[in-house]
Structure formats: structure tokens, C-alpha cells
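The primary structure of each chain is shown beneath.
2 protein chains.
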Amino acid sequence: MPDSAINLRDKLGRFAEHWSPRVVAEMNDYQFKLVKIQGGFVWHSHAETDEVFIVLDGAMTLEFRDRTIALAAGEMYVVPKGVEHRPAAARECCVMLVEPRGVVNTGDAAGVVAAPNDVWV
Amino acid sequence: MPDSAINLRDKLGRFAEHWSPRVVAEMNDYQFKLVKIQGGFVWHSHAETDEVFIVLDGAMTLEFRDRTIALAAGEMYVVPKGVEHRPAAARECCVMLVEPRGVVNTGDAAGVVAAPNDVWV
Chain A
1 MPDSAINLRD
11 KLGRFAEHWS
21 PRVVAEMNDY
31 QFKLVKIQGG
41 FVWHSHAETD
51 EVFIVLDGAM
61 TLEFRDRTIA
71 LAAGEMYVVP
81 KGVEHRPAAA
91 RECCVMLVEP
101 RGVVNTGDAA
111 GVVAAPNDVW
121 V
Chain B
1001 MPDSAINLRD
1011 KLGRFAEHWS
1021 PRVVAEMNDY
1031 QFKLVKIQGG
1041 FVWHSHAETD
1051 EVFIVLDGAM
1061 TLEFRDRTIA
1071 LAAGEMYVVP
1081 KGVEHRPAAA
1091 RECCVMLVEP
1101 RGVVNTGDAA
1111 GVVAAPNDVW
1121 V
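So the sequences go chain by chain: A and B. Residue 121 is where the first sequence ends in our numbering, and the numbering goes up by one at each step. Residue 1121 is where the second sequence ends in our numbering, and the numbering goes up by one at each step.
Everything labelled a hint here was simulated from the structure, so no lab data went into it. Please note: incorrect hints may appear among the correct ones.
Claimed, not checked - Simulated restraints, written as ranges between beta carbons of each label pair:
1) Ala1073/B to Gln38/A: 23 to 31 Å
2) Asp1066/B to Asn7/A: 18 to 26 Å
3) Ala73/A to Pro1116/B: 43 to 51 Å
4) Ala1072/B to Val83/A: 33 to 41 Å
5) Val113/A to Val1121/B: 38 to 46 Å
6) Glu63/A to Val1104/B: 23 to 31 Å
As the structure is a computational prediction, the values presented were derived from the model and not from experiment. Just so you know, even glycine gets a beta-carbon here, dropped at the ideal spot from N, CA and C.
Bound conformation, chain A alone:
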């Protein structure tokens, strides 16, 4: 057991890359990841799991084929499994993701390179 709490702002200060999730904690077989996003990501879905977005700083959108959800700091959204989505942010936005261990950030998207998985910060 760690001797101190996980400070999210401190962890965010330790990396700069966009679209490259860093694991900060595990609960059972789930991981909590921090990611900095800017610009638009690739359309993708995760066939086997829901995915949680919690915005820590800034603002972003989750585009779906039939709607766009706006999220600001202090807001969260659950992307249902199998549903195509595209995260985007006009300016840098810091997000916490919650999903099972082993989920890659590009899901089922073809022809794109996923970020390395299971990288801790």
C-alpha cells in the first residue's frame, strides 16, 4: 500500500505528450489513467467495455454519430461499450479515464497507431 495519496495535479506535471494515457492507480482489474488531449482524436469504439471520461482541467467534447457532448472541468461522461466516439479539445484538456486494464486508446480504429498501453506515471 502506498504511503501517501495520489495527487492528480502532481502526476499531470510529469508528462506533456497528448493522447498518451498514463496509469496512476489500479482498482481490481480496472485502471485510472490521466491523459492530456488537444485537437481531434480518431473515431473508435471499445467492443467489450464502457469507458469513463472525467475532466480535471479545461474542456472537451465527445462526438458521437448522433450527438456531441460538451464536458468541462468537474464533469464526467460514460461512453457505452460498442458506441463509436471521437474525443476532441480545442485547447489542451486534462482528463481522467477509467477502464479495464488492457484497453488501448484507439479501440477498434484501423490504420492508426495506439499509444503504448499500461504506462505508469
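We have chain A; now place chain B onto it with these hints.
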């Protein structure tokens, strides 16, 4: 799928009771719950699951038999399954819990009344 994001501050404004978790979202078979705590809770453990504490506002401690972890807003901690713990807060503290659906807040503690489970806000 909801038409808008879940705003945590808005949800916190909708209840006042202490030690009475409210579900705000589900991801697979896990729930995200908000809880307001003040004072000291009962010693307990959860034999079957880890439990995540994310402090949204204020400060709290997680007492274990061999150490005490301090958490402030923007910090999180994962209580391993089976480990006795006692949450406490000198002043009101707002926390997000993440744990499997069905977990009761008093765990294995005997002789205490658990808060109603699976109450949404």
C-alpha cells in the same frame, strides 16, 4: 445515453446527508458515487473488492491499523480489498467513490446500520 455530461458540483448540491453515498454513474458493473463525510466512520473492510476514494472538495483521512493517509481535493487513494480502514474528516468533505455495484458502505462492520445502497442522485 444521457444528453449531457454529469456535473459533479451540481449533483453534490442535491443532497446534504453525511455518510450516505449517491450513485451518479455506472461503468460496466461498477458505480461512481458521491458522498459527503464529516466526523469519523466505523472501522470496516470489503472482503471482495478494492475501493477508490477521490476527494473533490475539502480534506479527509483514511485511517488504517498501521498508518493514516491524508487526502485533499484533487487526490485519490485505493483501499485494497480486505484491508480495515476508517474514513474521517474534521470538516465536511466531498468524495467520489468507485466500487462494484452492490458494495455497502459499512462493509463487514457488525452492529451498525449501512446507508441505503444504490440510491441515485
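We went through each hint and held it up to the structure:
no.: 1; hint: Ala1073/B to Gln38/A: 23 to 31 Å; in the structure: holds, 25 Å
no.: 2; hint: Asp1066/B to Asn7/A: 18 to 26 Å; in the structure: holds, 22 Å
no.: 3; hint: Ala73/A to Pro1116/B: 43 to 51 Å; in the structure: violated, 30 Å
no.: 4; hint: Ala1072/B to Val83/A: 33 to 41 Å; in the structure: holds, 35 Å
no.: 5; hint: Val113/A to Val1121/B: 38 to 46 Å; in the structure: holds, 41 Å
no.: 6; hint: Glu63/A to Val1104/B: 23 to 31 Å; in the structure: violated, 38 Å
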